[in-house]
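S.K.: Here the protein sequences come in this chain order: A and B. Under this note's numbering, the first residue of the first sequence carries the number 1, and numbering increases by one thereafter. Under this note's numbering, the first residue of the second sequence carries the number 1, and numbering increases by one thereafter.
Each pair may be met inside one copy or between any two copies, as identical chains are not told apart.
Here are the simulated EDC-like pairs of lysine to aspartate or glutamate, each with C-alpha atoms no more than 20 Å apart in a straight line:
1. Lys-335 - Glu-49
2. Lys-153 - Asp-169
3. Lys-239 - Glu-265
4. Lys-165 - Glu-122
5. Lys-335 - Glu-68
6. Lys-342 - Glu-32
7. Lys-335 - Glu-32
8. Lys-342 - Glu-211
9. Lys-153 - Glu-166
For the record, the hints were derived by calculation from the structure and aren't laboratory data.
2 protein chains.
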Amino acid sequence: MASRVLGARVGVLGGGQLGRMLGLAGRSMGLELQFLDPTAGSPAAAVGELVVAGYEDESALERLATSEVVTFEFENVPVSAIKSLEQRCAVFPGSRALEVAQDRLHEKTCFRALGIGTPPFEAVDTWEQLQAALVRVGLPAVLKTRRFGYDGKGQAVLRTEADAKEAFDRLGGSPLILEGFVRFQRELSIIAVRSRSGEVATYPLVQNHHEGGILRKTLAPAPAVSDSLQADARAYVEKVLQHLDYVGVLALELFDCDGRLLANEIAPRVHNTGHFSIEGARTSQFENHLRAILGLPLGSTEIPEPCAMLNLIGRSVDPRAVLEVPDAHLHWYGKEPRPNRKVGHITVRAPDVPTLDERVARLERSIGA
Amino acid sequence: MASRVLGARVGVLGGGQLGRMLGLAGRSMGLELQFLDPTAGSPAAAVGELVVAGYEDESALERLATSEVVTFEFENVPVSAIKSLEQRCAVFPGSRALEVAQDRLHEKTCFRALGIGTPPFEAVDTWEQLQAALVRVGLPAVLKTRRFGYDGKGQAVLRTEADAKEAFDRLGGSPLILEGFVRFQRELSIIAVRSRSGEVATYPLVQNHHEGGILRKTLAPAPAVSDSLQADARAYVEKVLQHLDYVGVLALELFDCDGRLLANEIAPRVHNTGHFSIEGARTSQFENHLRAILGLPLGSTEIPEPCAMLNLIGRSVDPRAVLEVPDAHLHWYGKEPRPNRKVGHITVRAPDVPTLDERVARLERSIGA
Numbered sequence: 001m002a003s004r005v006l007g008a009r010v011g012v013l014g015g016g017q018l019g020r021m022l023g024l025a026g027r028s029m030g031l032e033l034q035f036l037d038p039t040a041g042s043p044a045a046a047v048g049e050l051v052v053a054g055y056e057d058e059s060a061l062e063r064l065a066t067s068e069v070v071t072f073e074f075e076n077v078p079v080s081a082i083k084s085l086e087q088r089c090a091v092f093p094g095s096r097a098l099e100v101a102q103d104r105l106h107e108k109t110c111f112r113a114l115g116i117g118t119p120p121f122e123a124v125d126t127w128e129q130l131q132a133a134l135v136r137v138g139l140p141a142v143l144k145t146r147r148f149g150y151d152g153k154g155q156a157v158l159r160t161e162a163d164a165k166e167a168f169d170r171l172g173g174s175p176l177i178l179e180g181f182v183r184f185q186r187e188l189s190i191i192a193v194r195s196r197s198g199e200v201a202t203y204p205l206v207q208n209h210h211e212g213g214i215l216r217k218t219l220a221p222a223p224a225v226s227d228s229l230q231a232d233a234r235a236y237v238e239k240v241l242q243h244l245d246y247v248g249v250l251a252l253e254l255f256d257c258d259g260r261l262l263a264n265e266i267a268p269r270v271h272n273t274g275h276f277s278i279e280g281a282r283t284s285q286f287e288n289h290l291r292a293i294l295g296l297p298l299g300s301t302e303i304p305e306p307c308a309m310l311n312l313i314g315r316s317v318d319p320r321a322v323l324e325v326p327d328a329h330l331h332w333y334g335k336e337p338r339p340n341r342k343v344g345h346i347t348v349r350a351p352d353v354p355t356l357d358e359r360v361a362r363l364e365r366s367i368g369a
Numbered sequence: 001m002a003s004r005v006l007g008a009r010v011g012v013l014g015g016g017q018l019g020r021m022l023g024l025a026g027r028s029m030g031l032e033l034q035f036l037d038p039t040a041g042s043p044a045a046a047v048g049e050l051v052v053a054g055y056e057d058e059s060a061l062e063r064l065a066t067s068e069v070v071t072f073e074f075e076n077v078p079v080s081a082i083k084s085l086e087q088r089c090a091v092f093p094g095s096r097a098l099e100v101a102q103d104r105l106h107e108k109t110c111f112r113a114l115g116i117g118t119p120p121f122e123a124v125d126t127w128e129q130l131q132a133a134l135v136r137v138g139l140p141a142v143l144k145t146r147r148f149g150y151d152g153k154g155q156a157v158l159r160t161e162a163d164a165k166e167a168f169d170r171l172g173g174s175p176l177i178l179e180g181f182v183r184f185q186r187e188l189s190i191i192a193v194r195s196r197s198g199e200v201a202t203y204p205l206v207q208n209h210h211e212g213g214i215l216r217k218t219l220a221p222a223p224a225v226s227d228s229l230q231a232d233a234r235a236y237v238e239k240v241l242q243h244l245d246y247v248g249v250l251a252l253e254l255f256d257c258d259g260r261l262l263a264n265e266i267a268p269r270v271h272n273t274g275h276f277s278i279e280g281a282r283t284s285q286f287e288n289h290l291r292a293i294l295g296l297p298l299g300s301t302e303i304p305e306p307c308a309m310l311n312l313i314g315r316s317v318d319p320r321a322v323l324e325v326p327d328a329h330l331h332w333y334g335k336e337p338r339p340n341r342k343v344g345h346i347t348v349r350a351p352d353v354p355t356l357d358e359r360v361a362r363l364e365r366s367i368g369a
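Excised from the complex, chain A in its bound form (with noise of 0.2 Å):
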């Protein structure tokens, strides 16, 4: 095992700022990275070999197979690739995980068979169908689209009939889903991670602000988490780990309603929710998955003192005004700044709640959140 290991090489589809943060958690452990992206100077370049090619492109995937492990970054990659990686390397998580999280049908069905809480759903491939579904439903409901949603895109809240004709019109090229809309307190989410052994651990709830369908902060641990709600959300992630057979990092997306979890997504990968644990938690997701797709004992995901992330989205910052908050951490991607694109993120951490609260409010304030 040990020969494998140090410096081993691991290859990732995607060369974003997950793969770059992986790259930097992989490096400090001695492994090789190569990432596979269509973009020249992605910011995963900084930390390891860049192959700049199509997720299809067969000599790039034939590169990248003679790696120790792959796995990838981006959901969105194309799941032939990865099936076709599988027939000459291990590759984790694999195309079962990938397939059922690219398609919000087959997720949600798949949160319903594991007697997952979810908002009621339907498919809706046809403006009759829609009709029919808005009538078992119930109005509001949200539109979306079953596959490349993400950040809010491809998604329509539903208050009206018109709503609906008009969303239909826009959305309608591809296959749909109706959710009930769900009259949610918080949205929080919970990261685990599975490892080759099939040990599992998870990192405790955290709880996420969203605008304009954009994450902007993450508070780590959750506030005001019940022993069972704590338990809820544990026992749903394991379920999902063990029915994909899943192997790395995995987030779940949940609705908090009234202390009834609704399982809203999960996304197979290390995940923005997941950053806090850089500085928050003993062992980063992005180590951790690393341990887990090499099959290595996983890390303690425990954390010990409140902590918040705040992501940087689509402009610069003061590096000053930033890291003269105590205990504050800029991390920034190398990415060009532009609207609605997360080029960074800030980690603070602090004793107890309301000096963490006092920093982060001190935080949002020089970055113009």
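On the provided structure of chain A, position chain B as indicated by the hints.
M.R.: Same frame as chain A, now just chain B:
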């Protein structure tokens, strides 16, 4: 300031594991790194551009000088190279600190001038001077080359007149220093950092264990440190920083002689006895060095709970056995193991000292230490 930090390039003389860890911290903050090292494939190549050339290569220095700021991770770079760079760009720490640190006689003279305790010492250039010095310093004593010593190289313990003759025959081609043999209880060090604005932060004293002149283990913080011992160490290192108008991280190695501290040497750079800080302190020495030389606010140097660092020397390890120990993290530098070569390190934390001791013992067994 913002535009000069985010995406700024830092030039580094030396591309070893210290450069690699500086690079990992820098990449996380969005910095670009350029390393100058005579050896192709140096560890830092994993995290930045490696310019393979001698430290006095004029065109290589010219390239480095286009960085926002230049620093070094190896203290035996020629002072002339640093002086040449200082004509062209910001260099921290500067040539003055380097000159003092490169010469044990200057270093100890500096300690003496600042009122910092040292073992008795005398300059020795001839056999006659050595004989005269031995009369004043007494036996046992330690004869050292003034320059280019590291990991116990370039020194000899003298217990008899015969030892003195033999050591002088071996080392006498270089300028020497004779030091009194110190009967210390333990070896300590203190890592401190001073920023371009003059802000100073010091990590708590740590305790170091050497074998064969090579660091094997650091306990952070050092056990059983009285407030006055901590205050003395802090006062000493702050005097050195101010005196040298120092910018960046500096390590001061100390002997603890029944609660009286004697200064052994300084290292004008990030230091092996500070590696614990990656997981063990709120801000790592690498992040703080970069913050300091870029003129950013320094990060907290607090050590929240007991931790230890174990060096991996000369041979490979079984990562599985290491990572099975709770809260252990493995760092591997991407070097081929060779006798006495530092190829990686392990950090481990624990809620209390007895638990830490147990974990360290387990790790020592797993690495055959």
